[in-house]
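Given only the sequences and the hints, what does the whole structure look like? Please build it.
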Amino acid sequence: MLSRRVVLAGPPAVVVSGYAQAQATSPDGAAQFVMTLAQQALATLAQPGLSLEHREGVFRDLLRQGFDLDFIGRFVAGRYYREMTPDQQADYQRLFGDFVLRTYAGRLGGYSGEKFAVVAARPAGQQDVLVQSRIERPSGPPIGAEWRVRSISGAFKIIDVAVEGVSMAVTQRAEFDAVLARGGPESLLAALRARTTKMPATARSG
Amino acid sequence: MTQHRNTSRWLWLSLALLATPAGAADFEKGWRAYQQGDFAAALAEWKPLADLGNARAQYNLGVMYDQGRGVSADQAKAVDWWRKAAEQGMAEAQHNLANAYIAGDGVPQDYALARDWLARAAEKGLARSQYSLGKLYETGLGLAADPAKAHALYLKAAGQGYDRAQYNLGKMYRDGVGAERDLAQAILWFRKSAEQGYARAQAALGTRFARGEGAPRDDAEALFWTSLAASQGDSAAMENRKVLLQRVGAPVAAQVEERVKAFKAKRAE
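Those protein sequences? They're chains A and B, same order as listed. Counting in this note's numbering, the first sequence runs from 1 upward without gaps. Counting in this note's numbering, the second sequence runs from 1 upward without gaps.
Honestly, I wouldn't trust all of these hints.
Only some residues are given here: those of chain B computed to face chain A with a beta carbon under 7 Å [as the list claims (entries may be wrong)]:
hint, residue
1, GLN35
2, GLN75
3, LEU141
4, ALA144
5, ALA145
6, GLY233
7, SER235
8, ALA236
9, GLU239
The hints are simulated quantities; they were obtained by calculation from the structure and are not laboratory data. Even glycine gets a Cβ: it sits at the ideal position worked out from N, Cα and C.
Structure follows, in structure tokens:
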């Protein structure tokens, strides 16, 4: 398949629910999926009257639907996943999902003056499409991100995101491997818990 | 008469200006900018205040460095700012600093130091620190495992509405760890957490109804909570949902699906 520049700005022509029977190698379909997911998620960030913390929670909840966190989580934990108890696996999945969304959701921007655009989509391997996006910011150079999209059970899912060429899944796998090798599943769960239960910015004094 | 009125007005304005501390006005301006996602403007207000020793500004700067908002993410800088605010007694800063020690982000990992900072923040009543300290006692990291202490801490945090603490408290009652086994209490706490949208609690609550543990067996109720957890990607719940769909049959499944669509998580915090 040839690479094509697919530029999407503004509302998509097709509603996302029509993509239940997605083709595995449809760059346009994958690009549309990322754009629609981003627009719906970013709209939640723009909601007036709610705290930033609340809006970001809703934003993450929406994004969650578009990622195959189970798939990514298993890949990232590698062979150690099988060695976890069922409770540890379930805790890991939940904590890992929270961690990924908190760390990488910012790649969609959505903050003051930022604009998200899908700029290209090309096939990668047998099953995947790499959708390239860009966030324009008033305060600095644009940020590029590449979303790896695969059709899983008839629905598009994001299975990796690369920022400035660095894969999230590969980076986290290397990091978690070191933690798991050193201290086992409980130390990884403790680290993920610690990272996802910090307090947000506050206006309260004292 | 006009002269007198103008003078009074001028006096009133001057007093009003003198009574408004410039520091509070700057912090608030930063806060409004931050809420809008204008992180550069927030930084411009908070950095000078942080440099002057304002604990709240120091703490918020730490959050911005931790998250990479308006600055490149820098865990070590986040820790530096949190430490300054923590040493001034700010509970949120103590909490975040402790968690940096647990994760080894920006500082070498140190569960014992984490325990010390969490104890201080928990003492001040911060629910998340009560939970985090409870987790250390439950898992025996940085101190000897003590299920009863974990239970007591989870109870404090759960009582303040923290969903993760409610879920973990439910598990302890379910399993008889740190307290007598009490399935009714397990359901009570799982439900509070589940109603806030916490997927693990929704899955656990669904399982109680599926098995008739702590309440009469109710497959429709089980399917409702299990479906909510499944829709958040909980893989155990996704499997359980398939089994429950077989059990309830199509008409009940359709009713439950309507309830699932209508569900709105109550956020306590």
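Verification of the supplied hints:
1. The beta carbon of B:GLN35 is positioned within 7 Å of a beta carbon in chain A (closest approach about 5 Å), and the interface hint is therefore held.
2. For B:GLN75, the interface hint is violated, the least distance from its beta-carbon to any beta-carbon of chain A being 10 Å, above 7 Å.
3. Interface hint at B:LEU141: satisfied, since its Cβ lies 6 Å from the closest Cβ of chain A, which is below the 7 Å cut-off.
4. The criterion of a C-beta within 7 Å of any C-beta in chain A is not met by B:ALA144, whose closest approach is roughly 15 Å, and the hint is violated.
5. A least Cβ separation of about 11 Å between B:ALA145 and chain A goes past the 7 Å threshold, and the interface hint is therefore violated.
6. A hinted interface residue such as B:GLY233 counts as satisfied when its beta carbon comes closer than 7 Å to some beta carbon of chain A; here the least separation is about 5 Å, so the hint holds.
7. Below 7 Å, beta-carbon pairs count as interface contacts, and B:SER235 has one with chain A at about 5 Å; its hint therefore holds.
8. Here the hint on B:ALA236 is kept, as its CB sits about 5 Å from the closest CB of chain A, short of 7 Å.
9. Using the Cβ-Cβ criterion of 7 Å, the hint placing B:GLU239 at the interface with chain A is not satisfied: the shortest such distance is roughly 11 Å.
The structure fails hints 2, 4, 5 and 9 (numbered hints given earlier, in ascending order).
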